[in-house]
Amino acid sequence: MLSTIIFAPLVGILVLLFTPRDKAAFIKVFATAVSAVPLALTGILWYLFDRGAAGFQFQEVFQWLPTLGIKYHLGIDGISLPMLVLTALLTTLSLIYSWIIKERPKEYFILFLLLEIGMLGVFSALDLFLFYIFWEVSLVPMYFLIGVWGGARKEYAAIKFFLYTLAGSLAMLLSILILYFNASPHSFDLLELSKIADPRLGALVFLGFFLAFAIKVPMFPFHTWLPDAHVEAPTAGSVILAGVLLKMGSYGFLRFSMPLLPESCKYFAVPIAILALISIIYGAFVSMAQKDLKKLIAYSSVNHMGYVMLGIAAAMAASTNLVARSTAVSGAIMQMVSHGLITGGLFLLVGVIYERTHTRQLSDYGGLAAKVPVYAGLFSFFAFGSLGLPALSGFISEFLIFVGSFPIFPVVTGLALLGVLVTAALILYTIEKMLLGPALPKFNLLQDADGREIFCLAVLGVLILFLGIYPVPLLDVMGKAVSMLVGGV
Amino acid sequence: MVILIPLLPALAFAALVFFGWQLKERAPYVSIAALAGSFLLSLLAAIEVFQGTTIEVSAAWLPIVAFSFRIDLISAWMLLLVTGVGLMIQIYSIGYMKGDPRFARFFAYLSLFCAAMLGVVLANNLLLLYIFWELVGLGSYLLIGFWFEKPSAAAACKKAFIFTRAGDIGFFLGILLLFLSLGAIDFQTIFSQAHTLSVPLVTAITLLIFCGAIGKSAQFPLHVWLPDAMEGPTPVSALIHAATMVAAGVYMVARLFPLFELAPLTLTIIGYLGIGTALMACLIAVTQTDIKKIMAYSTISQLGFMMLAMGANAPEAGMFHLLTHGFFKALLFLGAGSIIHAVHSNEMSEMGGLAKAMPITFATTMIGALALTGIPPFSGFFSKDEILAAAYHNLPVAFWLAVAAVFLTAFYVFRMIFKIFPGQVKGHPHESPRVMTVPLIILAVFAFGFGFFNPFAGGHHEEAAPLLVFASSLGMATLGIFTAWLLYGAKVVSLAGWHNNFLYKFVANKFYLDEFFIYVFGWTATAVSQGLAIFDQLVIDGIVNLVGRVGWIFAFVNSFFDIYIVDGLVNLLAKISALFGEALRRAQTGLVQNYLLFVVVGIVLVLLIRR
Numbered sequence: 001m002l003s004t005i006i007f008a009p010l011v012g013i014l015v016l017l018f019t020p021r022d023k024a025a026f027i028k029v030f031a032t033a034v035s036a037v038p039l040a041l042t043g044i045l046w047y048l049f050d051r052g053a054a055g056f057q058f059q060e061v062f063q064w065l066p067t068l069g070i071k072y073h074l075g076i077d078g079i080s081l082p083m084l085v086l087t088a089l090l091t092t093l094s095l096i097y098s099w100i101i102k103e104r105p106k107e108y109f110i111l112f113l114l115l116e117i118g119m120l121g122v123f124s125a126l127d128l129f130l131f132y133i134f135w136e137v138s139l140v141p142m143y144f145l146i147g148v149w150g151g152a153r154k155e156y157a158a159i160k161f162f163l164y165t166l167a168g169s170l171a172m173l174l175s176i177l178i179l180y181f182n183a184s185p186h187s188f189d190l191l192e193l194s195k196i197a198d199p200r201l202g203a204l205v206f207l208g209f210f211l212a213f214a215i216k217v218p219m220f221p222f223h224t225w226l227p228d229a230h231v232e233a234p235t236a237g238s239v240i241l242a243g244v245l246l247k248m249g250s251y252g253f254l255r256f257s258m259p260l261l262p263e264s265c266k267y268f269a270v271p272i273a274i275l276a277l278i279s280i281i282y283g284a285f286v287s288m289a290q291k292d293l294k295k296l297i298a299y300s301s302v303n304h305m306g307y308v309m310l311g312i313a314a315a316m317a318a319s320t321n322l323v324a325r326s327t328a329v330s331g332a333i334m335q336m337v338s339h340g341l342i343t344g345g346l347f348l349l350v351g352v353i354y355e356r357t358h359t360r361q362l363s364d365y366g367g368l369a370a371k372v373p374v375y376a377g378l379f380s381f382f383a384f385g386s387l388g389l390p391a392l393s394g395f396i397s398e399f400l401i402f403v404g405s406f407p408i409f410p411v412v413t414g415l416a417l418l419g420v421l422v423t424a425a426l427i428l429y430t431i432e433k434m435l436l437g438p439a440l441p442k443f444n445l446l447q448d449a450d451g452r453e454i455f456c457l458a459v460l461g462v463l464i465l466f467l468g469i470y471p472v473p474l475l476d477v478m479g480k481a482v483s484m485l486v487g488g489v
Numbered sequence: 001m002v003i004l005i006p007l008l009p010a011l012a013f014a015a016l017v018f019f020g021w022q023l024k025e026r027a028p029y030v031s032i033a034a035l036a037g038s039f040l041l042s043l044l045a046a047i048e049v050f051q052g053t054t055i056e057v058s059a060a061w062l063p064i065v066a067f068s069f070r071i072d073l074i075s076a077w078m079l080l081l082v083t084g085v086g087l088m089i090q091i092y093s094i095g096y097m098k099g100d101p102r103f104a105r106f107f108a109y110l111s112l113f114c115a116a117m118l119g120v121v122l123a124n125n126l127l128l129l130y131i132f133w134e135l136v137g138l139g140s141y142l143l144i145g146f147w148f149e150k151p152s153a154a155a156a157c158k159k160a161f162i163f164t165r166a167g168d169i170g171f172f173l174g175i176l177l178l179f180l181s182l183g184a185i186d187f188q189t190i191f192s193q194a195h196t197l198s199v200p201l202v203t204a205i206t207l208l209i210f211c212g213a214i215g216k217s218a219q220f221p222l223h224v225w226l227p228d229a230m231e232g233p234t235p236v237s238a239l240i241h242a243a244t245m246v247a248a249g250v251y252m253v254a255r256l257f258p259l260f261e262l263a264p265l266t267l268t269i270i271g272y273l274g275i276g277t278a279l280m281a282c283l284i285a286v287t288q289t290d291i292k293k294i295m296a297y298s299t300i301s302q303l304g305f306m307m308l309a310m311g312a313n314a315p316e317a318g319m320f321h322l323l324t325h326g327f328f329k330a331l332l333f334l335g336a337g338s339i340i341h342a343v344h345s346n347e348m349s350e351m352g353g354l355a356k357a358m359p360i361t362f363a364t365t366m367i368g369a370l371a372l373t374g375i376p377p378f379s380g381f382f383s384k385d386e387i388l389a390a391a392y393h394n395l396p397v398a399f400w401l402a403v404a405a406v407f408l409t410a411f412y413v414f415r416m417i418f419k420i421f422p423g424q425v426k427g428h429p430h431e432s433p434r435v436m437t438v439p440l441i442i443l444a445v446f447a448f449g450f451g452f453f454n455p456f457a458g459g460h461h462e463e464a465a466p467l468l469v470f471a472s473s474l475g476m477a478t479l480g481i482f483t484a485w486l487l488y489g490a491k492v493v494s495l496a497g498w499h500n501n502f503l504y505k506f507v508a509n510k511f512y513l514d515e516f517f518i519y520v521f522g523w524t525a526t527a528v529s530q531g532l533a534i535f536d537q538l539v540i541d542g543i544v545n546l547v548g549r550v551g552w553i554f555a556f557v558n559s560f561f562d563i564y565i566v567d568g569l570v571n572l573l574a575k576i577s578a579l580f581g582e583a584l585r586r587a588q589t590g591l592v593q594n595y596l597l598f599v600v601v602g603i604v605l606v607l608l609i610r611r
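Taken in sequence, the protein lines are chains A and B. First residue of the first sequence? That's 1 in UniProt numbering, and the numbers climb one at a time after it. First residue of the second sequence? That's 1 in UniProt numbering, and the numbers climb one at a time after it.
If you are wondering where the hints come from, they were derived from the structure by calculation, not from laboratory data. Only true hints are included.
The list that follows gives simulated cross-link-like pairs (lysine-lysine, DSS-like), each with its CA atoms no further than 27 Å apart:
no., chain 1, residue 1, chain 2, residue 2
1, A, K291, B, K150
2, A, K371, B, K98
3, A, K106, A, K28
4, A, K154, A, K28
5, A, K102, A, K154
6, B, K150, A, K433
7, A, K371, B, K24
8, A, K371, B, K150
9, B, K150, A, K442
Excised from the complex, chain A in its bound form:
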């Protein structure tokens, strides 16, 4: 099942390779249809998933390179399942949005499907070697998506994104190798490795993973690749970047750092909490100073992912308050989903207005609510989601993070609450600049959002609202995995 999900896009890639490049319409529809296969199958997984069972489900194990102890080992739990659904959903929506791509559609859609393989693999792999391969597989297509279909400084942004992430990957590879040689017999298997309670050179291994994951999240001070990558990336690339790729970092902490290195986690929990706090406050303030809408949202992602890391840090901490720690980590996972939906939607919205006005400068906008009311309504909805308005998913996740982190890091959590105020100011300022104020004559001919755009955003919006009012289905799915994770540390 998992292999089918991951490699379904490969079939599409093979077909597209043999499709003449002038059949653009077919390429677009076919690629989207192919991406719907993992979406449908992850939906079935969601239904079949046993909420009460501990451990990994739908496991697939084959000896791959037995002499080196490398296995093809897949499996999911309540932490990876929401990520798989999120990945499949955002990919399909991004592809639907990308029908407007005119330049080299064949290569674009092939790369996008390849990207999907990498992302789905990252969230299913239980063998560190396999994980590393999928991690790198997801890196290359994004490099090309930014470098070929990007904006004015696309080469700079693409190379910066690639090298920065690669530097982290190499540190992670080193950590993986240390773990591999620690185990006897040598193994890359997560389940085998997690039996070693306190591996040698644990702190070093932790830092190697930390570098890779912290760059990906990104945490202060490793975040500067993100605004550049977002500004230059095509709209759908930004959606995937913010919606899925960043989550690979926080997922890495949950999937590998915490089960493999419980002792180092306790040791590094406080520094990570402090970096998370800085990301929250700093991200919000720097975001407020941005003039480019995409940069503004990119920095707000630093702020929102800071909450995720605060929750993860609380879960890592050496505390016997299991309820608090599991609440914090539930909030963190939910925030990953929620941020994917909300920020994905915001980047789509920036794309929608950029297509029409060819500017992203806040100062060029004004009074849009009078001219394009549907667009303005949608933008306000997602912006308020980003602000953490109750009844939308971001509120529940932030609430759980705060409730969980407060008993463990009272001061850090209290200060992080100030970030909420700065975020509110930032979002309302953006709405005021873009949507409110007198209608500008230059926007007289501006088209409101069309059916395809409204469809993509409505799907996200419904989910955001549903999770904000009734988050129980999501919390149920992750429940067992969360208590295992916290109990196991």
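Based on these hints, arrange chain B on the given structure of chain A.
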């Protein structure tokens, strides 16, 4: 059934957002029908509650807290106030908002607000209360900014949201602290367990939670958003910024009173902050010329009175005043709206002689003014008197300040009355349509008569009001009206030159608090934000680029080494062999004779060496 009370307006909101553009003028029917349904359900529930029961509904929700609603005596009265006044205001709005391009949208937002406000009233735990509390803020934001084309309205809605949210940070922190201390945030657990907590802890928790009330109920120093919020359409000011939302802070303290009661210090602070706010707002109201601004400061000061009641350990008196104020202030605002509708201005200088031109508006506004001033037997008198009695017993200093505030209240209200109603008619104003005047009349009935009936009478906090309280409050109110008449009615005393007074300017400029917030917090935030952005670009990203540059230089040096040393050695070898080749090439002449010569010479040499 209870869940339907907030759900009906919520559904009306959804229906109007999606289909309002088709309904156009018929949109209000949807929202009014929904709210009328809520009103009837509230009435049924209230009848049940008045017979001595408490209604509770609960459903599993988050792991740490259930989704739970509760109707008891105070929430039943709040439900009736919100749905009743809300209904009047929605009907009035049909006339007031007629012809607005976003007519249907207005009723959608009003419905959203009503749904959230009913949620605040019904919530049975702090998380739900906080959730609806924030959604009420959203409704307020959308309605203040309803005419968002005006930059002032766009700025005002942002300001309202940010200032209330600043208070809510404290509120949220208080919830976290309470949850940490008790492990629960539902009201029943809080009330039954809170006495186990230490007094300093309860004081900290209650002060933090009260921060939320400071923001929402516009108490000093976060009150500055409320006067700006008058940018919204007048029915909005009446519903949200007078009768219901701004009272939510008072309601919250009353709701949590078993907790607040455990922290005497908090209560004292609330009491003095309340009366301080009331005095300050009265003073500013005296200097205003815009009738909606006068009403806004009046609301702030009346909310201060309600807070004083809380601080004086008399939540029943505060809630009583909340209800009477809800009626008479909604009435006053709608009256002001009726005038603005006719005169097309908020400024008192544009008004005059309106008593003749708009008799119904005049009569109903007079009832509201007398209730606000606290003249018996109008409703405000009874509720205010209870607050003063409680203050007299529990916070004596605050009592005398409150008496001063009563004088100022009477003065600023009748200053307004004398300026706009008597005298010569300016322009051609005429009375508002019936859809607006009928709600005025209904509200006037309540503003007049509601005081005869104190729904919370017999509460354990009640104490008899001594004659001194009655005499001083009535005396001060009368004196205030008389002073206003002297200055603005009979105009026997002139105030020429008074406006250049330094004190007057200080008050008229609202104690320069707006400037304080702009220069201290606004500028700091901007400076920090700009500074960090530059830091981010130059330092953090600079380091990244520097590493990249160093890598590039290293690669360059490397390639230099590669080209000139590594490759150079290879090339050197090649050169040497080429040299040999060159030398040897000369031997290859292509002439057979030469080759034969070489062979002969070679053989000779070999033979010579061998020998």
